[in-house]
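**Student:** Listed here are the chains, written in short residue letters.
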Amino acid sequence: MPELGRAALAVCLGLALYALFAGGFAAFTRRRRLAVSAQNALIAAFGAAAVASGVLLSALLRNDFSFQYVADHTSIELPTAYTISAFWGGQEGSLLLWLLVLTGFSAAAVAFNRRSGRDLLAWAVPVLGLVAVFFSFMLVAVSSPFATQAAPPDGAGLNPSLQNPYMMVHPPLLYLGFVGLTVPFAFAIGALLARRSDEAWIVSTRRWTLAAWTFLGIGQLLGAHWAYVEVGWGGYYAWDPVENAALMPWLAATAFLHSVMIQEKRGMLKVWNVVLVVGAFVLALFGTFLTRSGIVSSIHSFTESSIGAWFLGFIVLVLAGSVYLVLSRLPLLRAKTRLESLVSREATFLYNNLLLVALCLTILWGVVFPILSEAVRGEQITVGAPYYNFFLVVFGLPLLLLMGIGPLIAWRRASLRSLGKSFIWPAAAALVAGVILVALGAGSSPAGLIAYTFAAFVLGSIVYEFVRGTRARRALGGGSWLTAFSSLVARNRRRYGGYVVHASIVLLAIGVAGSSAYDTVRQQKLSPGQTMAVGDYRLTYRDLEVRQGTNAEELRAHLDVERDGKSLGSIQAGKNDYRAEDQVSNEVGIRSDKLTLEDLFVIAEQVEGEGNAIHFRVLVKPLVNLIWIAGFVFLVGALVAMWPSLAEQRRLAERYRELRAPARA
Amino acid sequence: MTVLAVGLAALLAVACVIAVALPFLREPEALDDRLGAPDALERRRLELAEERDRVLADLKELEFDHRTGKVSDDDYRALVGPLRSRAASALRALEPRAEAGNVPRSNAMSEPFPAPAPTPEPSPSPDMPQPPTLPDPEPPPEPFPAPDEGEPGVSRTIR
Amino acid sequence: MARQSPVRLVFAVSIAAVLAIFLLYVSVAGGTPSLQPSQLKNRTGKVALVGKVVTPYQRTEGKQEHRFRLRDVKGSATVPVVYRDSVPDQFKPGREVRLEGRLQNGVFVGKPGTLVTKCPSKYQAEKRA
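Residue numbers (the working numbering), protein chains in the order written: chain G, 1 to 665; chain W, 666 to 824; chain H, 825 to 953.
Everything labelled a hint here was simulated from the structure, so no lab data went into it. Please read these numbers as outputs of a predicted model, since none were measured by experiment. Don't take every hint at face value.
As the list claims (entries may be wrong) - If you anchor each label on the Cβ, the simulated ranges turn out as follows:
{"id": "1", "chain 1": "G", "residue 1": "Gly-441", "chain 2": "H", "residue 2": "Ala-844", "range": "28 to 36 Å"}
{"id": "2", "chain 1": "G", "residue 1": "Pro-165", "chain 2": "H", "residue 2": "Gly-899", "range": "36 to 44 Å"}
{"id": "3", "chain 1": "H", "residue 1": "Tyr-881", "chain 2": "G", "residue 2": "Thr-520", "range": "29 to 37 Å"}
Beta carbons: idealized from backbone N, C-alpha and C, even for Gly.
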């Protein structure tokens with residue numbers, strides 16, 4: 001069956017080439033049937049990619065080790081769920097997943113936009129085709145998942161550290177996010193190619209961008225949770241280049257989500273918006289280039305293959321083409337309005353954009369610095385966590401504050417008097433919170449204290465917005481508070497969904513501040529029976545248990561936990577020794593306190609042979625569980641913001657409906 | 666196995682070729698093969714439509730912000746007049762001739778709001794005097810729904 | 825508001841401010857050179873060493889002290905290393921590691937808490953001490 005897979009990929013490449021060239025030709029010469037044909041090619045490309053994916057999936061499930069990829073990443077005793085996740089566990093398979101999602105999204109974009117904005121779609125198709133050409137070419141010529149060999153009796157198996165539920169969801173979600181950014185990019189470029197200066201491309205791709213951004217955000221959060229729970233060094237983000245690879249496009253997309261609102265409201269920042277969406281897409285490509293090329297040393301290390309050079313070439317092509325296009329269409333994108341006041345909602349959105357882009361660029365600088373320094377000075381100079389944390393605080397705290405200020409300010413221009421009135425309640429909340437926090441000892445970390453106070457301000461302003469809005473809605477339409485509230489949210493889902501998302505970011509910020517600025521760490525060697533004190537906790541090492549798991553020898557230290565004289569039960573920490581794979585994994589013990597949301601994190605670092613003494617590292621991480629809770633709030637807010645509104649759809653369809661419909665629908 | 670693979674591959678290829686050729690198979694000779702692209706007139710109309718929607722949305726948001734207290738009375742007074750006239754001119758630019766039943770023309774400077782609204786909105790804050798520049802025989806009903814706020818049941822057609 | 829859009833002014837000032845903060849930080853904190861054993865020579869400053877762990881590897885019982893040699897990833901130059909902290913579970917001869925520290929009397933003394941291991945295969949997440 002590998003022949004079918006190879007053939008399917010070749011067909012996919014052919015279709016993508018057709019979509020690119022025929023689609024471009026059709027858009028240029030205004031040929032309707034050819035344009036539709038190119039659109040069909042994209043849809044058919046999805047079919048071909050699906051066939052190829054099916055071949056790989058069936059080979060995985062059948063444990064067909066004649067497929068080199070299957071032999072490299074699975075084994076007979078590997079559980080089925082992880083066998084499936086091996087699809088994206090390696091270079092070739094992950095590229096195939098990328099292609100599958102790309103063609104799937106392209107097909108969907110075509111299907112949803114067939115009836116409106118035909119010339120926009122006609123130009124977006126060749127752009128989507130170009131991206132599909134690149135990825136299918138990679139799969140056909142450079143990195144094929146269908147290489148065959150004489151089948152060995154068993155495969156190499158999947159690394160034990162990847163055998164967990166996170167492997168099932170984290171990469172696919174990230175891919176949905178990365179690839180999802182291709183659609184707004186294609187429509188933005190398509191609009192430029194079609195010489196359109198209206199907002200059809202924004203309107204058509206609004207939900208795509210929001211969905212991709214949500215996937216990317218949730219995917220990253222899951223990755224952080226994976227690192228926290230499974231890798232277990234006590235942290236959740238290491239500023240590793242691979243982690244930053246996902247963060248950078250997410251920041252760019254966040255900036256873009258905000259600045260399009262300015263374009264819709266005031267018709268300005270058209271060039272900036274195109275720059276941002278191109279930037280987000282290029283950063284997504286760059287991110288996957290980083291993780292595959294091995295060009296930057298990372299603890300997630302990858303084989304250094306030639307694929308990096310291809311990616312770099314494609315990135316340069318996309319950048320150069322986009323820059324040229326923007327420059328040549330510059331007169332078209334001139335704004336007709338100006339920013340009226342530096343104290344207005346537009347202005348706060350602008351500041352927010354600047355901060356987000358600044359943070360994104362500093363992270364980018366930190367990531368490429370080793371490469372640049374090697375080229376210039378002959379040795380790689382890496383910047384560490386202190387660099388990133390510094391800029392996170394410098395840019396993040398003002399961003400946090402802006403999240404609270406923005407909603408309180410009106411569009412166009414806000415008088416300081418009305419501003420003052422709006423600020424009173426949230427500022428009071430912040431002040432009260434600040435005083436309480438200082439009394440509780442939060443002054444030990446100034447950055448943490450500021451973060452908490454700003455967070456209180458933002459939460460206050462969000463609550464205030466909801467209350468004011470519900471009150472006004474009730475005054476207008478009557479009814480109970482609940483109906484007024486739901487009517488308020490339903491009538492402006494983007495705004496109020498956005499407020500909920502802001503609230504989730506605030507919770508995230510509180511969780512991050514608490515667990516990094518106010519954490520406690522202790523290292524101690526304990527023999528059985530000994531006790532160590534960490535923060536308010538006292539841990540007593542009882543004994544060491546060695547047991548046989550399904551495919552590993554499990555070592556577990558049992559500890560009793562006590563706080564303020566009360567027993568809190570016991571906790572286990574240790575290691576798993578996977579004999580077959582010759583690997584040892586760290587199994588940390590985590591006790592989450594439901595009330596204070598803090599975690600007691602126990603790592604058994606080193607076991608001494610004599611007397612079972614263990615070097616323990618114990619951390620107390622306050623409020624860390626807020627980070628995971630924030631993920632749920634984030635999802636809810638994003639869903640509300642994305643939720644389609646029939647009236648809006650009708651409205652927009654009518655606006656962009658063509659006046660002169662073609663002779664045949 | 667290989668024969669099956671080749672057969673399926675051939676099937677796939679044929680299916681894809683058909684999909685691509687479909688538009689030409691359906692319409693061997695199309696009357697109008699022109700790709701509908703907005704010409705200058707259409708682009709102008711789009712611009713005007715976007716401007717209209719933008720201004721009406723601004724107006725609606727201003728009203729609501731005023732109601733919630735985000736915009737002070739002074740600011741509201743200063744902003745609403747120009748905004749209303751912009752709305753009027755935006756609507757007029759799209760409808761050179763007043764269509765019957767669509768635009769209630771009560772005076773020369775027409776209020777650009779549709780006559781039937783499911784729940785007629787009460788006037789804005791009672792202490793706000795009517796701006797003298799806009800003769801307002803009656804308090805304006807809820808402005809036209811902004812693009813992302815739906816007023817179910819109210820639809821508007823532009824011809 | 826003035827004819828000249830304040831947007832450009834805001835942009836320019838922001839960029840300038842960012843650059844200022846950035847330069848201030850980088851000049852103060854600096855980065856850490858990432859070197860292989862062959863590049864270590866007689867450098868005495870704080871650097872990061874990257875290399876492959878080769879035998880002999882000694883671990884002192886009862887203490888968290890590890891002595892081993894690091895070799896160039898693609899080369900033969902080695903340097904003796906002493907690291908006084910726990911090592912990740914993946915640590916063993918043959919693995920690629922990175923740690924920070926400085927060269928003292930011909931022995932590279934690692935800074936506790938900075939040793940991380942790399943795994944040669946794809947998509948492997950590694951742990952740090």
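**Student:** With reference to the structure, classify each hint as holding or not holding.
**Tutor:** Okay, the hints, checked on the actual structure:
1. For the pair G/Gly-441 and H/Ala-844, the supplied restraint of 28 to 36 Å holds, since their beta-carbon distance comes to about 34 Å.
2. With their beta carbons about 41 Å apart, G/Pro-165 and H/Gly-899 fall inside the hinted range of 36 to 44 Å.
3. A hinted range of 29 to 37 Å for the beta carbons of H/Tyr-881 and G/Thr-520 is consistent with their spacing of about 33 Å.
Of the numbered hints given earlier, the model fails none.
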